[in-house]
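Protein sequences appear in the order of chains A and B. Letter by letter, the first sequence follows residues 158 to 1082 in this note's numbering. Letter by letter, the second sequence follows residues 158 to 1082 in this note's numbering.
Some hints could be false.
[Claimed, not checked] Reference listing, derived: stretches of chain A covered by chain B, where coverage requires no fewer than 3 residues with Cβ under 8 angstroms from a Cβ of chain B:
no., region
1, 611 to 618
2, 963 to 971
3, 994 to 1006
[To be verified] Listed next, the in silico BS3-like pairs over lysine-lysine satisfying Cα-Cα at most 30 angstroms (straight line):
no., chain 1, residue 1, chain 2, residue 2
4, B, K760, A, K979
5, A, K1068, B, K1007
6, B, K760, B, K738
7, B, K836, A, K581
If you are wondering where the hints come from, they were derived from the structure by calculation, not from laboratory data. Note that the structure is a prediction, hence the values are computed from the model and not measured. Where a beta carbon is used, it is the ideal one built from N, C-alpha and C, also for glycine.
Protein chains: 2
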Amino acid sequence: MKKFVYSFGGGKAEGRGDMKEILGGKGAGLAEMSNLGVPVPAGFTISTEMCEVYYKNNKNYPPELDKAVREALGNGENIMGAKFGDPSNPLLVSVRSGARVSMPGMMDTVLNLGLNDQTVEGLIKKTNNERFGWDSYRRFVQMYGDVVLDMKPESKDEHDPFEVIIDEAKKSRGVKSDSELTAADFKDLTYKFKKLIKDKKGIEFPTDPWQQLWGAINAVFGSWMNQRAITYRKLNAIPEEWGTAVTVQAMVFGNMGNDCATGVAFTRDPSTGERAFYGEYLINAQGEDVVAGIRTPQQVTIVGSKKWASSNNIDEAARSKQYPSLEETMPKAYQELVSIYQKLEKHYKDMQDIEFTIQREKLWMLQTRSGKRTAAAAVRIAVEMVGEELIKKEEAIMRVKPTDLDQLLHPVFDPAAKKKVVAKGLPASPGAATGRVVFHADDAEAASARGEKVVLVRIETSPEDIGGMNVSQGILTSRGGMTSHAAVVARGMGKCCVAGCGELAIDYHKRIINVRGETIKENDWISLDGSTGDVILGQVPTVNPELSGNFGILMKWADEIRQIDIRTNGDTPKDATVARKFGAQGIGLCRTEHMFFEGERIKHMREMILAENTEDRVKALDKLLKHQTEDFYGIFKAMAGYPVTIRTIDPPLHEFVPNEDENQAIMAKEMNVSIDKVKAKVQSLHELNPMLGHRGCRLGITYPEITEMQARAIFEAACRLTKEGVEVYPEVMVPLVGTIEELKIEKATIYRVAEETIKKYGVTLKYLIGTMIEIPRAAIVADQIASEAQFFSFGTNDLTQMTFGYSRDDAGKFLPVYLEKKVLKCDPFQSIDQVGVGQLMEWAMDRGRKTRPELKVGICGEHGGEPESIAFCHRIGLDYVSCSPYRVPIARLAAAQAALKYREVREERLKKQAHKPVKAKPSEN
Amino acid sequence: MKKFVYSFGGGKAEGRGDMKEILGGKGAGLAEMSNLGVPVPAGFTISTEMCEVYYKNNKNYPPELDKAVREALGNGENIMGAKFGDPSNPLLVSVRSGARVSMPGMMDTVLNLGLNDQTVEGLIKKTNNERFGWDSYRRFVQMYGDVVLDMKPESKDEHDPFEVIIDEAKKSRGVKSDSELTAADFKDLTYKFKKLIKDKKGIEFPTDPWQQLWGAINAVFGSWMNQRAITYRKLNAIPEEWGTAVTVQAMVFGNMGNDCATGVAFTRDPSTGERAFYGEYLINAQGEDVVAGIRTPQQVTIVGSKKWASSNNIDEAARSKQYPSLEETMPKAYQELVSIYQKLEKHYKDMQDIEFTIQREKLWMLQTRSGKRTAAAAVRIAVEMVGEELIKKEEAIMRVKPTDLDQLLHPVFDPAAKKKVVAKGLPASPGAATGRVVFHADDAEAASARGEKVVLVRIETSPEDIGGMNVSQGILTSRGGMTSHAAVVARGMGKCCVAGCGELAIDYHKRIINVRGETIKENDWISLDGSTGDVILGQVPTVNPELSGNFGILMKWADEIRQIDIRTNGDTPKDATVARKFGAQGIGLCRTEHMFFEGERIKHMREMILAENTEDRVKALDKLLKHQTEDFYGIFKAMAGYPVTIRTIDPPLHEFVPNEDENQAIMAKEMNVSIDKVKAKVQSLHELNPMLGHRGCRLGITYPEITEMQARAIFEAACRLTKEGVEVYPEVMVPLVGTIEELKIEKATIYRVAEETIKKYGVTLKYLIGTMIEIPRAAIVADQIASEAQFFSFGTNDLTQMTFGYSRDDAGKFLPVYLEKKVLKCDPFQSIDQVGVGQLMEWAMDRGRKTRPELKVGICGEHGGEPESIAFCHRIGLDYVSCSPYRVPIARLAAAQAALKYREVREERLKKQAHKPVKAKPSEN
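Let the sequences and hints guide you as you build the complete structure.
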């Protein structure tokens, strides 16, 4: 007969830790600990395969099971030195579910099984504790009644029927808490519970422990198909056929008296990662008491206890009397615990979160699992474990969740500070900010000039606000999502941002915000937590986390392992400098249009827009040329030795002109033209769907003089630096290309200007001309486009917008519903839609490299900093990803993880593409 | 040696009509006529292959060419009975270019070659006409000087140097026209021309005819590479390697005296297609005189002459004296011409456009080619030629250009009427309209109710204007392109529309239009020509063309041949009725939203939009349900026996609420809510890019009650009709699907309502549930979507918008530049972009049918009525195309042509797709 029952305990087990599929997570873990010789209460696991048989067999078991269970239980009895159902020395057991993956709280559990009117007396005698005995018994009846006998409330409005009886008992006894009830009370309750069951279900409560046991096993297998579990499986894509295992295990008690205790511990400090045993325990208590907060838990180690006392202003005398450590109270059990935790950590090669119970001075381990930890701890533990030769570098890389690094790169609020959260928006850009409220970008600039710290609060931001955003501590908007203008720009700046906080009623006119009955006025202090979306009244002190040495080591390892480059999106020398510090290997996207908003430039830009002929346009552009050249000079210099991808102008021209009457009047005055002319121009630039309008290379093709000016600025700057001995690799990127002809026309202009300028300076300069792939058609005809493009860069923001037909600005109206109804598994603007958008990317890659095997391909959309998307880019053969400066470390780690997981997938792909990468390639026009 | 020179003349030729590639169009035509025994002036053609040799050989000829040319010229001399360079009986020749395809006016020609001071005397003696002789000579010198000796004006501002001398001569002789100059004058001019050449070029004008001949041949070959020709080739995608041939042919003259004549004729009436010889001629004239309009040309036949005279009020006496027919003046030549035209028509099996010259009573044919004709003539000729057994039905089908049929389906302006064109817009929807100007849709409705004819003039139209558009004679807009709202809706209605007439300054406030200095006021009469885009002042009478019997016959043949169905886009029973008359086999797109604008309905719609919870929304929808059910009842009934595809609501809700303050106030009053509430709702519905916003199935998923109401209306109507014995095939189409989950959710609602309703009525009803493929992602994941969709319908308007990233509404800002700069070969909103959008369509088809081989696929975008797009749809395996009612006949013909051209391509594709078409298929949910 097939083996369905696996025993464990007494230093050995029939199962192993890697048998989760048939023993479930819990059963496998207990087997593994048993095999390690760790003291685990004995028991056995009925495998998940039996679950399948049970359901296939119309909820019946094969006859052989009974024998196997009896044998296994007998084995447990021998180990524990007690007998199931023995009135003088009863063995009590727990019956628990355990699926391949954890489904917390979804299935059923029965504790204290084996008690009846006879065995309870044995328990009392054995423990010499009448109250404990009757309390255990009434708990069992209550739990069994609920789980096995289906004693549920009749309707949702009713209370649990057992709790109702308990409440009545407390009332009649005139006490408030369970702890005030006596042994007699619990005995009385037990009989009342049984009577209730009889009244409701018409059956006697089972007194035969074996009948109890099979009832509980049936109930646990049955709970695999309860509604909660079905829903949970659907939501988490867990196959129904996996089934659950059932583990029957001897009960141990930490609440039998003062020689008992229970506790939880971490093998290292989960907050800092320090290699120090850390835990809490309580004497004469049950497991849940430690975390329930009714009693103050004590520290496990002396060191920990002293530290705890000092930070709570408790002197050593009081500490050692009132709150002694386990090391002091039960030194023998403590020593055993230490050797066990060390064994477990060494075995699992990771920091463990363990649960233990000491029953009559005997230590029992109930659980061990990888412990949750902060990002800082994760990094430290991973790096130190390599030093301890517990794990390899590759394993260390896999141990840290890339996005968690974000916590290490921004200032955070002092965890000790009090905070009054007044609203919650989207955590759009991490960090912590405190400042006075301003409502307009120029107010922010003025205040900043006076040395004040401000938080810019807007309904939504626009490119005109860039200057103000840059000088603010943080940005708060009431409209827009994770990819709104405010969010994207803030992330690019590494600045804290809470976006789309719809609760805020912002009144620009009165200069106030109304929210949850509070009124926040201009100049009031507020604080933002960009990692949680919290909006907080008043000032909150912040701390600047240091990038520890371990962080640097982990990054170095990641760099050794990863196969793709990491660049940054950055528009200023400052961005470039920050990003280099974070390890960026070049700029993947330099948006030139942000440069047009600063100071004088917006005037020249508007002059250009108002120009009625090419001549006037060229005149205005000439003024911009000087500024752009300086901009590029600064960026190239800051990124010396690395490639810099500069995108020619992209947004529609209407973004550069004001919409409000007032500002139009100012513009008219500045430009020395009539307001009607300004209005007419603004009107003529208006578009119904600007996202699909006159922008990107469409501007360059209708006004070639713009492309010409930008090319001149790029190559003037590059040539000057080359003359000065600085290494420069410009990569000029044409946006929004959909046809080969567009790129041909734009490239011709750029190439001509480049060659003219290089000749003028008499220098040698390596440069590339390429294109964004952000229009679906460009991906489709990538084979054609690659005949002109020396590189591709996926603009996955726009590519996602057009492939889905979603406007990022407007999708807020239906995207939340789509995510809620699971129409979409995740927001495609956050993680690449691999099935749709990704398919286009794969086509573009394969077709592009068919035409041009050396084609360099990157990504510069928001997705370039998202780990799942980075893994996808790695697999399909991209040369690099580019992301905002503060995401660079995340991308480095994510790329290393991708390399560890998908090295072969990538290499096969590159072989298929016959890719011949060229790092910095001379122009081959 | 390879043959480079091909003789023709004297009833035979070395070349043939099918040798266009090496003889050019002209040379091949002359060879073909010679072979037919038609009298053609003798000559020879130097092949295009020599052109290649010439350029490859650094502009030198192989030595053998001279001999071959001399032999061929000798042959010509023998046939013509004259000798090249013989002073007593000189043969004169023309030297002309001739490429594989016509490149009119791009390359050079030299006439009268062979004249010098000696041969001119021979010509004079031979013709006994001194003036003719010297005029011919000076023309030769002038032409040769220009073409061969490069006597161009020095700059663009200067006149032709020869014309300057002629002007001086006329001035000094005190005359105004060339015809007043005498033989002596021409002789004098000849010498002056030669002197000018000597002065400017330092060479004597060549007197040796052979030197002249080689000079001219060089010049013609050379002109293949002139700038004009290069540009023309580039614009028309003619390969440079094709080269030109050179044809040298004996000159014949229609202007040697009154026994000479020249003329042009059509073998059938090019205007009506009647089988009647039709032509014009002039006695003693050159070819160009007939078309120049200086002298009134005479008719070739007596019948034609009498008809002409009567319509010009000329009596028979005057006619026969002043304007006799060729049949009367030169009966012998006329008879020969008749037998030749009959021979040519029979040979070419098409109506011919011929040119002839009669020199000294001897008839010479100079050219024959297929004649241009009106659409009506094309249909009549094609059908009648099948009757005459000249051609087969298949050839008749290929003879008519589908889009030309448009002329036959709409009223047109009386061609005889005077028209004052005051502006020109885009010919957005064909037809002719005359009416009084109104500026608002409700004014149009009011005037129409009073029985007045109006033309609705708007800056642009919106869905709110539908009612007014429907009652107007025509629609004129100053903004928007061929696919603007006005254009699309007007074409759908078969109503005349001129769109995007940017010249018009429309002032709604003053109710006037200013254009080209004219002011058109409200109530003034204007007329629109929707086929030319002309805007005309005042009233112009229109004629309603009849759909002749021949038209019906041609359509019947087309239906026999075509392989795909033709459906119509139609939203009303009237549309359905019109379309059935035009041969539609069902409705491919019924837009339900237009129905929401009529009368009471817009109120209920707005109630629904203002509703703040599902309950109120359902209440408002219940009121709409009644109306929608009636709408569908009418449409199903009008299309009885054919499938009707109904699209659930598609446009964003903001299209149903007013934007102007005034109308918002009205709405608030009607809805009995505050104007602030209306404003807030309008504001909340505002989107930055509505095209990519909350519309299509996104509405149905956020408000499932809308889908439910629409499904109920559809199936209530269908079941009622089924009970009444009417055959109904509803196909419910979900728009804007991008993910399988969207369709699943929408389909579940529709399916449930369908089954409920069918059960309620106790009927049997075949219906399908399918989706638009209009989002790029839907095409990419079509294999998934086909698992839910029973049919696909390509929404190529949106698919084009998103694949290109072009907003139709805004593309006017760059699309004209793109077409001009040839970034795009044609407007992708008019003809499917086969390389990009078409690629997505192919993927969707192939993947969709892989999942579901019986998948029905159609197209309902504007492209469904465009012949190139129809051919594409035919090739890739679509089951049907759907277009506006007035395009149905065009689509039927285009589909037949596609079947004739691409039958195998389609069948191979369908085999690859394993397609199993099912005409009307029961639900298989």
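Violations among the numbered hints: 1, 4, 6
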